[in-house]
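Under our numbering, the first residue of the sequence shown is numbered 13, with each subsequent residue one higher.
For the record, the hints were derived by calculation from the structure and aren't laboratory data.
Treat the numbers as computed from the prediction; the structure is a model and nothing was measured.
Treat the hints with caution; some may be incorrect.
Claimed, not checked - Restraint-style ranges between C-beta atoms, simulated for each label pair:
1. Ala169 with Val113: 30 to 38 angstroms
2. Trp76 with Ala169: 20 to 28 angstroms
3. Val258 with Ala189: 28 to 36 angstroms
4. Arg44 with Val113: 15 to 23 angstroms
5. Leu68 with Ala263: 30 to 38 angstroms
Note that CB positions come from ideal geometry on N, CA and C, so glycine has one too.
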Amino acid sequence: MNRHLTIYAVALPALVLPTVALAVAQGADASRLDGAPVPAQIALYGQAFLPAVAALIATRRIDWGFRRVPARVLALSWLIPLLCVGAGYAVAWLTGLAGFVPASPLDVLIGLVPGVVPFLVLALGEQIGWSSLLTLRLAETRGPDATAFIVGLAWAAFHYPLMLFVPGAVKPGVPVAYAMAVFTMEAMALAFPLVWLRLRTGSIWPVLLLHATLNASIYFVAQPMTAPGAEWLVGEGGLLTSAATVVVVLATAPLWRRANSSSSTTDRPSHQRIRSRGGKQDRA
13 MNRHLTIYAV ALPALVLPTV ALAVAQGADA SRLDGAPVPA QIALYGQAFL PAVAALIATR
73 RIDWGFRRVP ARVLALSWLI PLLCVGAGYA VAWLTGLAGF VPASPLDVLI GLVPGVVPFL
133 VLALGEQIGW SSLLTLRLAE TRGPDATAFI VGLAWAAFHY PLMLFVPGAV KPGVPVAYAM
193 AVFTMEAMAL AFPLVWLRLR TGSIWPVLLL HATLNASIYF VAQPMTAPGA EWLVGEGGLL
253 TSAATVVVVL ATAPLWRRAN SSSSTTDRPS HQRIRSRGGK QDRA
(Lines of atoms letter the chains of each structure in order from A and count residues from 1; the text may use other names and numbers.)
(Lines give C-alpha, C1' and ligand atoms only; values in the text may rest on other atoms or scores of the structure.)
Protein backbone atom coordinates (compact mmCIF):
# COMPACT_ATOMS: atom_id res chain seq x y z
CA MET A 1 0.00 0.00 0.00
CA ASN A 2 1.11 3.55 -0.76
CA ARG A 3 2.88 4.94 2.32
CA HIS A 4 0.71 8.05 2.32
CA LEU A 5 -2.45 5.94 2.25
CA THR A 6 -1.18 3.89 5.18
CA ILE A 7 -0.53 7.04 7.20
CA TYR A 8 -3.97 8.37 6.25
CA ALA A 9 -5.66 5.11 7.27
CA VAL A 10 -3.99 5.28 10.68
CA ALA A 11 -4.32 9.03 11.26
CA LEU A 12 -8.02 9.35 10.49
CA PRO A 13 -9.40 6.95 13.14
CA ALA A 14 -6.79 8.27 15.56
CA LEU A 15 -8.43 11.68 15.13
CA VAL A 16 -12.05 10.56 14.96
CA LEU A 17 -12.24 8.31 18.02
CA PRO A 18 -11.03 10.91 20.56
CA THR A 19 -13.48 13.51 19.22
CA VAL A 20 -16.34 11.04 19.57
CA ALA A 21 -15.18 10.14 23.07
CA LEU A 22 -15.08 13.83 24.01
CA ALA A 23 -18.59 14.40 22.68
CA VAL A 24 -19.95 11.40 24.58
CA ALA A 25 -18.18 12.46 27.78
CA GLN A 26 -19.74 15.93 27.41
CA GLY A 27 -23.20 14.40 27.16
CA ALA A 28 -23.79 15.42 23.55
CA ASP A 29 -27.00 14.43 21.78
CA ALA A 30 -26.67 14.69 18.01
CA SER A 31 -30.40 15.36 17.65
CA ARG A 32 -30.13 18.41 19.94
CA LEU A 33 -26.60 19.51 19.23
CA ASP A 34 -27.30 23.22 19.71
CA GLY A 35 -27.90 22.55 23.39
CA ALA A 36 -24.71 20.55 23.89
CA PRO A 37 -21.66 21.99 25.68
CA VAL A 38 -19.39 23.99 23.40
CA PRO A 39 -16.53 21.42 23.47
CA ALA A 40 -18.96 18.72 22.34
CA GLN A 41 -20.26 20.91 19.51
CA ILE A 42 -16.73 21.68 18.36
CA ALA A 43 -15.82 17.99 18.49
CA LEU A 44 -18.78 16.87 16.40
CA TYR A 45 -18.91 19.73 13.89
CA GLY A 46 -15.13 19.54 13.63
CA GLN A 47 -15.32 15.92 12.54
CA ALA A 48 -16.13 17.14 9.04
CA PHE A 49 -12.59 18.54 8.79
CA LEU A 50 -10.76 15.48 10.12
CA PRO A 51 -10.34 13.83 6.68
CA ALA A 52 -8.54 17.00 5.55
CA VAL A 53 -6.37 17.03 8.67
CA ALA A 54 -5.50 13.36 8.20
CA ALA A 55 -4.63 14.04 4.55
CA LEU A 56 -2.25 16.83 5.56
CA ILE A 57 -0.66 14.54 8.14
CA ALA A 58 -0.14 11.94 5.42
CA THR A 59 1.41 14.29 2.87
CA ARG A 60 1.82 17.94 1.94
CA ARG A 61 1.72 17.04 -1.75
CA ILE A 62 -2.02 17.20 -2.32
CA ASP A 63 -3.73 17.97 -5.60
CA TRP A 64 -6.33 20.35 -4.18
CA GLY A 65 -8.32 20.30 -7.40
CA PHE A 66 -9.54 23.89 -7.48
CA ARG A 67 -9.91 23.90 -11.28
CA ARG A 68 -12.68 25.45 -13.32
CA VAL A 69 -15.19 23.13 -14.91
CA PRO A 70 -18.02 23.74 -17.39
CA ALA A 71 -21.36 24.87 -16.02
CA ARG A 72 -23.00 21.70 -17.37
CA VAL A 73 -20.80 19.57 -15.09
CA LEU A 74 -21.72 21.68 -12.07
CA ALA A 75 -25.39 21.46 -13.06
CA LEU A 76 -25.12 17.67 -13.19
CA SER A 77 -23.42 17.62 -9.80
CA TRP A 78 -26.27 19.70 -8.37
CA LEU A 79 -28.99 17.65 -10.07
CA ILE A 80 -27.89 14.14 -9.04
CA PRO A 81 -28.46 14.57 -5.28
CA LEU A 82 -31.74 16.42 -5.92
CA LEU A 83 -33.00 13.41 -7.86
CA CYS A 84 -31.76 10.99 -5.19
CA VAL A 85 -33.42 12.82 -2.32
CA GLY A 86 -36.49 13.89 -4.28
CA ALA A 87 -37.24 10.39 -5.54
CA GLY A 88 -36.89 8.78 -2.13
CA TYR A 89 -39.05 11.31 -0.32
CA ALA A 90 -41.61 11.47 -3.14
CA VAL A 91 -42.23 7.72 -2.89
CA ALA A 92 -42.70 8.06 0.87
CA TRP A 93 -45.11 11.00 0.51
CA LEU A 94 -47.15 9.59 -2.37
CA THR A 95 -47.61 6.18 -0.77
CA GLY A 96 -48.54 7.64 2.59
CA LEU A 97 -45.53 6.06 4.28
CA ALA A 98 -44.50 9.54 5.40
CA GLY A 99 -46.61 12.61 6.05
CA PHE A 100 -46.17 15.57 3.70
CA VAL A 101 -45.83 19.09 5.12
CA PRO A 102 -46.19 21.71 2.34
CA ALA A 103 -43.54 24.40 1.98
CA SER A 104 -43.49 27.55 -0.13
CA PRO A 105 -41.56 27.46 -3.42
CA LEU A 106 -39.39 30.28 -2.08
CA ASP A 107 -38.36 28.22 0.95
CA VAL A 108 -37.47 25.30 -1.31
CA LEU A 109 -35.47 27.55 -3.65
CA ILE A 110 -33.56 29.12 -0.76
CA GLY A 111 -32.76 25.69 0.65
CA LEU A 112 -31.47 24.37 -2.66
CA VAL A 113 -29.42 27.35 -3.82
CA PRO A 114 -28.00 29.60 -1.06
CA GLY A 115 -28.67 26.77 1.39
CA VAL A 116 -25.94 24.76 -0.31
CA VAL A 117 -23.23 27.28 0.62
CA PRO A 118 -22.72 26.40 4.33
CA PHE A 119 -22.57 22.73 3.45
CA LEU A 120 -19.83 23.46 0.90
CA VAL A 121 -17.53 24.37 3.78
CA LEU A 122 -18.22 21.10 5.60
CA ALA A 123 -17.94 19.12 2.36
CA LEU A 124 -14.53 20.67 1.71
CA GLY A 125 -13.23 19.34 5.01
CA GLU A 126 -14.25 15.82 4.09
CA GLN A 127 -13.48 15.81 0.38
CA ILE A 128 -9.90 17.02 0.68
CA GLY A 129 -9.36 13.65 2.32
CA TRP A 130 -11.71 11.46 0.29
CA SER A 131 -11.29 13.12 -3.09
CA SER A 132 -7.97 14.93 -3.22
CA LEU A 133 -5.97 12.25 -1.40
CA LEU A 134 -7.70 8.88 -1.16
CA THR A 135 -9.34 8.88 -4.60
CA LEU A 136 -6.31 10.15 -6.49
CA ARG A 137 -3.82 7.86 -4.77
CA LEU A 138 -6.01 4.77 -5.18
CA ALA A 139 -6.63 5.61 -8.84
CA GLU A 140 -2.91 5.45 -9.54
CA THR A 141 -3.03 1.64 -9.32
CA ARG A 142 -6.65 0.68 -9.99
CA GLY A 143 -9.64 1.64 -12.08
CA PRO A 144 -12.30 4.19 -11.10
CA ASP A 145 -14.93 1.63 -10.12
CA ALA A 146 -12.58 -0.23 -7.77
CA THR A 147 -11.49 3.13 -6.39
CA ALA A 148 -15.10 4.18 -5.83
CA PHE A 149 -15.88 0.92 -4.02
CA ILE A 150 -13.04 1.50 -1.55
CA VAL A 151 -13.77 5.20 -1.12
CA GLY A 152 -17.44 4.46 -0.49
CA LEU A 153 -16.61 1.94 2.22
CA ALA A 154 -14.15 4.35 3.84
CA TRP A 155 -16.65 7.20 3.70
CA ALA A 156 -19.32 5.08 5.36
CA ALA A 157 -16.93 3.72 8.00
CA PHE A 158 -15.90 7.27 8.89
CA HIS A 159 -19.45 7.80 10.21
CA TYR A 160 -19.69 4.52 12.13
CA PRO A 161 -18.24 5.76 15.47
CA LEU A 162 -20.72 8.63 15.47
CA MET A 163 -23.63 6.27 14.78
CA LEU A 164 -22.45 3.69 17.30
CA PHE A 165 -21.62 5.87 20.27
CA VAL A 166 -23.24 9.33 20.08
CA PRO A 167 -26.87 9.47 21.24
CA GLY A 168 -29.22 10.93 18.66
CA ALA A 169 -26.99 10.18 15.67
CA VAL A 170 -29.42 7.38 14.83
CA LYS A 171 -33.09 8.25 15.20
CA PRO A 172 -34.92 6.74 18.21
CA GLY A 173 -36.45 3.37 17.43
CA VAL A 174 -34.19 2.69 14.45
CA PRO A 175 -31.74 -0.18 15.05
CA VAL A 176 -28.15 1.02 14.77
CA ALA A 177 -27.14 -1.98 12.64
CA TYR A 178 -29.97 -1.22 10.21
CA ALA A 179 -29.05 2.47 10.00
CA MET A 180 -25.39 1.63 9.40
CA ALA A 181 -26.19 -0.90 6.67
CA VAL A 182 -28.56 1.42 4.82
CA PHE A 183 -26.22 4.40 5.19
CA THR A 184 -23.38 2.28 3.80
CA MET A 185 -25.49 1.46 0.74
CA GLU A 186 -26.12 5.16 0.16
CA ALA A 187 -22.49 6.20 0.69
CA MET A 188 -21.14 3.50 -1.60
CA ALA A 189 -23.60 4.41 -4.36
CA LEU A 190 -22.73 8.12 -4.18
CA ALA A 191 -19.02 7.35 -4.18
CA PHE A 192 -19.22 6.31 -7.84
CA PRO A 193 -20.26 9.68 -9.33
CA LEU A 194 -18.04 11.46 -6.80
CA VAL A 195 -14.96 9.48 -7.83
CA TRP A 196 -15.69 9.56 -11.56
CA LEU A 197 -16.33 13.30 -11.53
CA ARG A 198 -13.09 13.94 -9.64
CA LEU A 199 -11.04 11.82 -12.01
CA ARG A 200 -12.74 12.93 -15.22
CA THR A 201 -12.62 16.66 -14.53
CA GLY A 202 -9.52 16.91 -12.34
CA SER A 203 -11.55 19.31 -10.20
CA ILE A 204 -12.90 19.12 -6.67
CA TRP A 205 -15.75 21.57 -7.37
CA PRO A 206 -18.24 19.01 -8.79
CA VAL A 207 -17.53 16.75 -5.80
CA LEU A 208 -18.10 19.55 -3.30
CA LEU A 209 -21.31 20.65 -4.98
CA LEU A 210 -22.76 17.14 -5.11
CA HIS A 211 -21.92 16.45 -1.47
CA ALA A 212 -23.20 19.82 -0.24
CA THR A 213 -26.41 19.68 -2.28
CA LEU A 214 -27.19 16.24 -0.87
CA ASN A 215 -27.06 17.62 2.68
CA ALA A 216 -28.93 20.82 1.86
CA SER A 217 -31.72 19.00 0.05
CA ILE A 218 -32.25 16.68 3.03
CA TYR A 219 -31.84 19.03 5.97
CA PHE A 220 -33.14 22.32 4.53
CA VAL A 221 -35.90 21.02 2.25
CA ALA A 222 -37.06 17.40 2.39
CA GLN A 223 -36.80 16.82 6.13
CA PRO A 224 -38.78 19.96 7.12
CA MET A 225 -41.44 18.90 4.59
CA THR A 226 -41.86 15.48 6.22
CA ALA A 227 -43.90 14.69 9.31
CA PRO A 228 -42.10 12.74 12.07
CA GLY A 229 -42.42 8.98 12.10
CA ALA A 230 -40.71 7.83 8.89
CA GLU A 231 -37.13 7.67 10.17
CA TRP A 232 -36.67 4.10 8.92
CA LEU A 233 -37.50 5.15 5.38
CA VAL A 234 -36.21 8.64 4.60
CA GLY A 235 -33.25 10.83 5.41
CA GLU A 236 -29.66 9.73 5.82
CA GLY A 237 -29.86 6.05 6.69
CA GLY A 238 -33.44 5.81 5.37
CA LEU A 239 -34.22 2.83 3.16
CA LEU A 240 -36.20 4.68 0.49
CA THR A 241 -33.66 7.49 0.23
CA SER A 242 -30.79 5.04 -0.09
CA ALA A 243 -32.60 2.83 -2.60
CA ALA A 244 -33.49 5.89 -4.68
CA THR A 245 -29.84 6.93 -4.57
CA VAL A 246 -28.78 3.59 -6.04
CA VAL A 247 -31.38 3.87 -8.82
CA VAL A 248 -30.51 7.47 -9.68
CA VAL A 249 -26.77 6.79 -9.69
CA LEU A 250 -27.28 3.88 -12.10
CA ALA A 251 -29.65 5.88 -14.31
CA THR A 252 -27.30 8.87 -14.56
CA ALA A 253 -24.12 6.81 -15.01
CA PRO A 254 -23.78 7.61 -18.74
CA LEU A 255 -23.65 11.30 -17.80
CA TRP A 256 -21.15 11.32 -14.91
CA ARG A 257 -18.93 8.70 -16.53
CA ARG A 258 -18.22 10.96 -19.47
CA ALA A 259 -18.21 14.34 -17.71
CA ASN A 260 -15.02 16.11 -18.81
CA SER A 261 -13.28 19.31 -17.88
CA SER A 262 -12.93 22.04 -20.49
CA SER A 263 -9.23 22.29 -19.63
CA SER A 264 -6.74 21.28 -22.28
CA THR A 265 -5.11 17.88 -21.98
CA THR A 266 -1.74 19.39 -21.17
CA ASP A 267 -3.25 21.24 -18.23
CA ARG A 268 -4.77 18.13 -16.71
CA PRO A 269 -3.12 16.06 -14.02
CA SER A 270 -1.85 12.64 -15.04
CA HIS A 271 -4.32 10.81 -12.80
CA GLN A 272 -7.15 11.97 -15.08
CA ARG A 273 -6.34 9.19 -17.51
CA ILE A 274 -8.74 6.66 -16.15
CA ARG A 275 -7.73 3.04 -16.31
CA SER A 276 -10.12 0.67 -17.98
CA ARG A 277 -10.62 -2.88 -16.78
CA GLY A 278 -8.46 -4.14 -19.58
CA GLY A 279 -5.44 -2.21 -18.30
CA LYS A 280 -5.59 0.46 -21.02
CA GLN A 281 -6.35 4.06 -20.31
CA ASP A 282 -9.26 6.21 -21.41
CA ARG A 283 -8.59 9.76 -22.45
CA ALA A 284 -10.47 12.07 -20.16
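Hints, one by one, checked against the model:
1. Ala169 with Val113: 30 to 38 angstroms: holds, 34 angstroms
2. Trp76 with Ala169: 20 to 28 angstroms: holds, 24 angstroms
3. Val258 with Ala189: 28 to 36 angstroms: Distance hint for Val258, Ala189 is violated at roughly 19 angstroms.
4. Arg44 with Val113: 15 to 23 angstroms: holds, 20 angstroms
5. Leu68 with Ala263: 30 to 38 angstroms: holds, 37 angstroms
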